[in-house]
Amino acid sequence: MTKFNNDNSEDLQEKEAKIGDYIQSLAAVEEAMEPFKEQKRALKANYIENGWLSREEISMAVKAYRLVKDDTDIEQLMDFYGKVNGMKV
-14 MTKFNNDNSE DLQEKEAKIG DYIQSLAAVE EAMEPFKEQK RALKANYIEN GWLSREEISM
46 AVKAYRLVKD DTDIEQLMDF YGKVNGMKV
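Numbering-wise, the working numbering puts 72 at position 87 of the sequence shown, and it's gapless, one number per residue.
The reader is advised that the hints may include incorrect statements.
[Stated by the list, open to error] Derived BS3-like pairs (lysine-lysine); straight-line CA-CA distance at most 25 Å: (1) Lys48 <-> Lys25; (2) Lys54 <-> Lys25; (3) Lys68 <-> Lys48; (4) Lys22 <-> Lys48; (5) Lys29 <-> Lys54.
In short, the hints are calculated from the structure, not lab data.
Kindly produce the complete structure, drawing on both the sequences and the hints.
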């Protein structure tokens, strides 16, 4: 019975160490990403401040970008949208 408890204790210690490693790695990645997030916020603010695009237009552009990036089938999306809204597209 002692061997079983030792194995569980070692497994638990190993799991705790892996969780600690993951948290440290995650923190490092998030810290490294922060300048890029700030750059993205500044880009959006610049377009709004200059009157080039509204918040809504930027939101639509981001959605369009994500659809293209994810290689979304636009016809299928429009068909689904039409069905959800009860209209024919």
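Consistency of the hints with the structure:
no.	hint	in the structure
1	Lys48 <-> Lys25	holds (15 Å)
2	Lys54 <-> Lys25	holds (17 Å)
3	Lys68 <-> Lys48	holds (20 Å)
4	Lys22 <-> Lys48	holds (17 Å)
5	Lys29 <-> Lys54	holds (19 Å)
Going through the hint list in order, the structure satisfies each hint without exception.
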